[in-house]
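In order, the protein sequences belong to chains A and B. Sequential numbering from 1 applies to the first sequence in our numbering. Sequential numbering from 1001 applies to the second sequence in our numbering.
What the hints contain is simulated information worked out from the structure, not anything from laboratory work. Mixed in with the good hints, there may be bad ones.
As the list claims (entries may be wrong) - Label-pair restraints from in silico Cβ distances:
(1) B:1375 / A:60: 42 to 48 Å
(2) A:10 / B:1279: 42 to 48 Å
(3) A:178 / B:1007: 14 to 20 Å
(4) B:1131 / A:249: 40 to 46 Å
(5) B:1069 / A:144: 43 to 49 Å
(6) B:1191 / A:181: 52 to 58 Å
(7) A:148 / B:1158: 41 to 47 Å
(8) B:1158 / A:155: 33 to 39 Å
Claimed, not checked - Derived, one-sided and incomplete: chain B residues facing chain A with beta-carbon distance under 8 Å:
(9) 1034
(10) 1050
(11) 1127
(12) 1240
For each residue, glycine too, the CB sits at the ideal point set by N, CA and C.
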Amino acid sequence: MSQISLPDHAGPVETIWHYLYIFICCLVFLFLIAPILVIIPLSFNAEPYFTFTKQMLSLDPDAFSMRWYEDFMNKDIWRASIGNSFFIAFCSTILATTLGTIAALGLSRSEMPMKGLFMGLLISPMIVPLVITAAGIFFFYATVNDYIPLTGTYLGVILAHTVLGTPFVVITVTATLSGFDHSLTRAGAMLGADPTTVFFKIIMPLILPGVISGALFAFVTSFDEVVVVLFIASVEQQTIPRQMWAGIRESISPTILAVATILICISIVLLATVELLRRRSERLRGMSAG
Amino acid sequence: MSEQLTTVDGRPLKQALASAERTKRIRAVLLVMPLFIFIFVSFLYPIALMLYRSVENPLIAQHMPKTLATLEDWDGESIPDEETFAALAQDLVKARESREIGKVATRLNFETPGLRSVITGSARSAGRWEPPYKEKFLDRRKEWGELETWATIKRLGPTITTVNYLAAVDRQYNVDGEVVMVGEDYRIYVDLFMRTLWMSVVVTVSCLILGFPIAYMLASLPLRHSNLLMILVLLPFWTSLLVRTTSWIVLLQTQGVLNDLMVWSGIIDDAQRIQLIFNAQGTVIAMTQILLPFMVLPLYSVMKTIPPSYLRAAESLGAHRFLAFWRIYVPNTLPGVGAGCLLVFILAIGYYITPALVGGQDGQMISNMIAFHMQKSLNWGLAAALGGILLVGVIILYWLYNKLVGIDRLKLG
């Protein structure tokens, strides 16, 4: 069925066009992926440069070193920011996943009134420019600081990141639920299970892939977020992206490339997990529908 | 013969059904409520608060009440009389005692640059002065003899004001209360909005031009191969924004990989390395790569649904391959094109991180100016007004997206 392959009767113009097309596609793929890949070898540079040295190109082992990784591991500020990033991302993921999944269950019911409006409002944190969200939250925290200290606290950052993460959970879980066979819950209830049992024994296993990929999206959103952190966090809540931001703006050192390489590895793991889950979910839905 | 249908326990069926439906509806709403309340309190309300910030203006009314009262009947054509100057002296001294004079001076200075030192300086002296005040004020700073100073104070009197929005579009009130353009040197925001729009359009069009061919390739290859290529689209999507921005700095800077490559291959001389980044062009290149997956994914999901038989049918009816593609295939992809373009445009228009890091002078966008006024100049009213205008634009696009594509069709990965 492949439309890409060239038909036998193709003339010279079509042949040239065909190979040109493939060449263009390769260039675009290169444009997408090269900037990410180029960082990885550079992070092993023995010199404090951001480009390949002659020795590196001739694969001289002395031109490569782990010094930037050591630098990363030895600096207190980087170590602290790893801990902060994971802690904040973990807490906000738990909150966002719980709130988002419950809301998605309601939103995907056919009885839900004003579904479009609610969906639109709940997704909006993803669409509104981050600077506006950050400014709004900054003003809001300033007004409630007297009652609950939120500016410059972990709680404040976690709550703000939860806001940014929930749309992803709502989207992925409602997408999973769109193929959900509601007669299964009725069957469960008819066989004597109470709603909680039905949820954990029937609904949850089926929507779990959606929930997990939503959670991963929420995690990445928080883990990669810097604007809100810049606006409302104090030095105490220094995260990896904020440290990178400071590093790029002030004293750019190859340590950042080492950090970037580690982050790329993390994203590869996350991507693989989400892809596996998506395929599993498609399989499960195929089964429940058939 | 109007026998009503009833349930087993004798209730009319219609009523029983209605109440059952109501229970179901309430249950659905109750499930959504926790998140809705959370989003309302920590997102929607804060945004409303920001919008309120853009029009509220309590400072002058709070700290210069006497001056404002005497200025109420001021004709705006001559310097006010001694009564007003006496009130001014009292207000300034009081504001200085409560240590709020700096804020008052800053607020007036945002409106008419140069007033800061006039206010703080006069406030310092006014504590020592005896009436009559008028001469002493005029001696101290000549600005007190200018109508514009008084017009500024009077204009900032009301607690609800439009000055921030006017400032956000390079307008201000003149002495007569008419809306006029600000001086040539201060006109920056309209240009900045235009530049933001223009850069977003360029990024969107670039994404479409680059995204269309690869989405077509992904959609027409067998699933086994396209899944592999899809990873090349999804990996950037999952990689940290800061990592990708860093990569572009590494690639494009004058001592960077691309310039080295060009020097090495002899395309350019070592002395003529090209400045590819820290300007508008660097921002556009980096943003195009960062937002490209948001174009490819909706295009791909639409192209996947177009049966290949359409093209074969067109060709067997005698259309040339290219004509068939242009007349049959492309129109069918338009929903995907619309979805992708709107999404990329919405995301591009509010971009902050990438322009801030690789934009240099002329690659800054409106979000960067908002952040500047939030964090550096502390002109929160103006920041909120700029944000309000940007927000209205984004909401219109979002509404359009919802109308054309449907928010529930938004796909991730």
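Practice prompt. With chain A as the partner, please determine if residue 1050 of chain B meets the hint condition of a C-beta pair closer than 8 Å.
Written response: holds (4 Å)
Practice prompt. Would you check whether residue 1034 of chain B satisfies its interface hint, that is, whether its CB is within less than 8 Å of any CB in chain A?
Written response: holds (6 Å)
Worksheet item: Is the shortest C-beta separation between residue 1240 of chain B and chain A less than 8 Å?
Response: Result: holds, 5 Å to nearest chain A Cβ.
Worksheet item: Is the hinted range of 40 to 46 Å satisfied by the C-beta distance from residue 1131 of chain B to residue 249 of chain A?
Response: violated (54 Å)
Discussion item. Is 14 to 20 Å respected by the C-beta to C-beta distance linking residue 178 of chain A and residue 1007 of chain B?
Written reply: Hint violated: Cβ distance 33 Å, outside 14 to 20 Å.
Item to complete: With respect to the beta-carbon atoms only, verify the hint that residue 1069 of chain B and residue 144 of chain A lie 43 to 49 Å apart.
Response: 34 Å Cβ-Cβ, so the 43 to 49 Å window is violated.
Worksheet item: Is it true that residue 148 of chain A and residue 1158 of chain B lie within 41 to 47 Å of each other by Cβ?
Response: violated (33 Å)
Practice prompt. Starting from the hint 42 to 48 Å, judge whether the C-beta atoms of residue 1375 of chain B and residue 60 of chain A obey it.
Written response: Holds: the Cβ-Cβ distance is about 45 Å, inside 42 to 48 Å.
Discussion item. Tell me if the interface restraint on residue 1127 of chain B is satisfied: Cβ within less than 8 Å of some Cβ in chain A.
Written reply: Since chain A brings no Cβ nearer than about 32 Å to residue 1127 of chain B, farther than 8 Å, the hint is violated.
Practice prompt. May I ask you to test the hint 52 to 58 Å on the CB atoms belonging to residue 1191 of chain B and residue 181 of chain A?
Written response: Holds, at about 56 Å.
Worksheet item: Between residue 1158 of chain B and residue 155 of chain A, is the Cβ distance one that fits in 33 to 39 Å?
Response: Hint holds: Cβ distance 37 Å, inside 33 to 39 Å.
Worksheet item: Taking the CB of residue 10 of chain A and the CB of residue 1279 of chain B, does the distance hold inside 42 to 48 Å?
Response: Taking Cβ atoms as reference, residue 10 of chain A and residue 1279 of chain B lie about 43 Å apart, which means the hint holds.
Hint compliance for this structure: hints 3, 4, 5, 7, 11 are not met, and every other hint is.
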